[in-house]
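A.B. asks: Okay, here's what each chain looks like letter by letter:
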Amino acid sequence: MNQRFIKNRHLLLTALMLTIAALLRAAPAAAEPYLAVLEGYKCNVCHVNPTGGGLRNQFGLTYAKVLLPAETLDNALDSWDGKLTDRLRVGGDLRADWTRVTAPNTASQQAFSLEQFRVYADLTLIPDRLGIYVDEQIAPNGSQNEEAYVRYGNPTDGFYVKGGQFYLPFGWRLQDQTAFVRQVSGINMTTPDKGVELGYEHAAWSAQFDVTNGAANATTGSGYQVTTQVGYTKPIWRVGIAGSSTQSSAGDRRMGGLFAGVKTGPIAWLAEGDIVHDDSIGRSLVAGLLEGDWRLLKGHNLKLTAEYSDPDRAVRNNQETRYSVVYEYTPLPFLQLRAGYRHYFGIPQNNQQHQQAILAELHGYF
Amino acid sequence: MNSRQSHRSLPFRSAAALCVLLVAACAGNGEGLDANGRPLVPGGSPTLPLSADFESIQENIFTPICSVCHVGGGAPEGLRLDAADSYSLLVGVPSTEVPSLLRVKPADPDNSYIIQKLEGHAAVGMQMPFGCPNTQPCLTTSTIAFIRQWITNGAPPAAPAAAAVNGALSVTSIVPDSMESVQGPPPQMMVAFNHELDVSQLATHSMHFEKLAAGATSTVVEQVAARIEVSSANLRALMIWPARPLTAGRYRLVIDAASSSRFSDIAGQTVALGTPDERGQAVISTFDVEVNP
Chain A
1 MNQRFIKNRH LLLTALMLTI AALLRAAPAA AEPYLAVLEG YKCNVCHVNP TGGGLRNQFG
61 LTYAKVLLPA ETLDNALDSW DGKLTDRLRV GGDLRADWTR VTAPNTASQQ AFSLEQFRVY
121 ADLTLIPDRL GIYVDEQIAP NGSQNEEAYV RYGNPTDGFY VKGGQFYLPF GWRLQDQTAF
181 VRQVSGINMT TPDKGVELGY EHAAWSAQFD VTNGAANATT GSGYQVTTQV GYTKPIWRVG
241 IAGSSTQSSA GDRRMGGLFA GVKTGPIAWL AEGDIVHDDS IGRSLVAGLL EGDWRLLKGH
301 NLKLTAEYSD PDRAVRNNQE TRYSVVYEYT PLPFLQLRAG YRHYFGIPQN NQQHQQAILA
361 ELHGYF
Chain B
1 MNSRQSHRSL PFRSAAALCV LLVAACAGNG EGLDANGRPL VPGGSPTLPL SADFESIQEN
61 IFTPICSVCH VGGGAPEGLR LDAADSYSLL VGVPSTEVPS LLRVKPADPD NSYIIQKLEG
121 HAAVGMQMPF GCPNTQPCLT TSTIAFIRQW ITNGAPPAAP AAAAVNGALS VTSIVPDSME
181 SVQGPPPQMM VAFNHELDVS QLATHSMHFE KLAAGATSTV VEQVAARIEV SSANLRALMI
241 WPARPLTAGR YRLVIDAASS SRFSDIAGQT VALGTPDERG QAVISTFDVE VNP
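From first to last, the protein sequence lines stand for chains A and B. Okay, so the first sequence: first residue is 1 according to this note's numbering, each after it adds one. Okay, so the second sequence: first residue is 1 according to this note's numbering, each after it adds one.
Worth flagging that the hints you see were computed from the coordinates, not collected in a lab. Quantities reported herein were computed from a predicted structural model and do not represent experimental measurements. Misleading hints may appear alongside valid ones.
When the alpha-carbon atoms are kept at most 30 angstroms apart in a straight line, the in silico BS3-like pairs for lysine-lysine are as follows [to be verified]:
1) A:Lys194 to B:Lys105
2) B:Lys211 to A:Lys194
3) A:Lys194 to A:Lys83
4) A:Lys234 to A:Lys298
5) A:Lys298 to A:Lys83
6) A:Lys234 to A:Lys263
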């Protein structure tokens, strides 16, 4: 038994203990919710934001350094830990892409692009009671604030309140913001809203109640949006329900959603169904998602996604579907490579509803 | 089959179940629909080819691509790009991301925020259409050129609206309208017309807000002065700003008794605004402000 083997065993044991500790307290999230389903975690296990996404906490970063990548480095635990001081934690995500998009009767487009570079910071003013969180998109196209809020209370066990600008809780917080369920609901990680959130985290339960301006009211100064979500998480399954109502001079909008996850062996299954009724356009819309993530080996994930969208339930023959296959390889801590293929199907007379995309992505995170 | 074999076959059974569901979810065949997925109207006009006029841009770009997200009560930044709302929310309206820039500044495409967003060099936020170039194509330079040309031409409205211009002067919308409730003080009120207004006559008009007593329909407890203005970028919209933020309560926007209630367009046509109340004052809108600022 050599020194390196002993050190790797030590790292894995440390990670295992962290996992057990997190599960036992069933408290302290994930922009890749399949990981949460595979591990039986709630969002706040890995993320500072109790509703998931953004800055990783101490455990989330340790998971990303030790358990997620294919290769566990000898000095993984000594590498970046996110702390600038005891009270200030920072992190970020950078995604650079190459994509080729084709559609019938349309010239193909291919391009390298910087999808996003975001940085996060969390300042703890009073431990487990008071903090300030910021999520800022630095690029492309200049800086844009996504989240900035004051948090009072304990977001890992008990009640908390957030006030400021933040993402609304509604369904799975997917990495792909263009998923039908995220477009139809209009709630994703590019559409933060301003207001307050009352949250509750205890054991298997998570609940949020939000009162915000509502996107439709950005220019009118009228109306508001009420959003609520309740989730129940067990080690191999979870279920959640979400609802939202927007009062707007443009017309009211009501949404409901059910989402669930289950682990079968090395595969995490995610499902979500949303229904939206929008008075301003007089339509009811439906969207659905089914995703399977197969962890083939440590650091290797095969993601299969099937999506469905009906942009107007009163109109027949107008449904759209989308299928994706994406391979995710995480060779080292803080580095992920993704490659995939996506095909849209829709009405024959609309070329854009028959796009095909090939994508490759370099994802650096810290 | 032993338990180990059963465990191994589980992922395959699960994958098979997913495949079944994949096949079960089918896209629509498009029968009876136009290219935007809307029911065909008997005798309706066929899809217009893309050109530098608003109707064509709406039908080929805003409706099929932008209004997938920018529609209804959930429209990002409150910008609804469906056919009914897009023009009035684009032309001469400050953007919410960079308020110093108009979304569409007639005759000035370079300083129109929509062009910056479509070309990907806006100071804030992501290039539009959302997800381009990763999950859908960006608009091509030649496609954006049509929008640029429309703006360079002065961003005229679509043909149906142009037809309305030839009709009598009338009010097309009021925000907030009568009996609406608004959460928080509205920064301004807006009255939209189908014709361009004669701004030289604006000085002859004056308005104020009246706060009504709780439960009363006409007892005024407070008056708030108002400033009225017409943006040079959109001469069809009359903007009314309260002198100070409106606190919670029921309000009505009233034309001053000494002021004319008839507004004129540049052709000299006039229309009377508001409905006379018991004192003979013209009331344009009665609405509720629900919370204090």
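A.B. asks: Looking back at the hints listed earlier, which ones does the structure fail to meet?
C.D. replies: none
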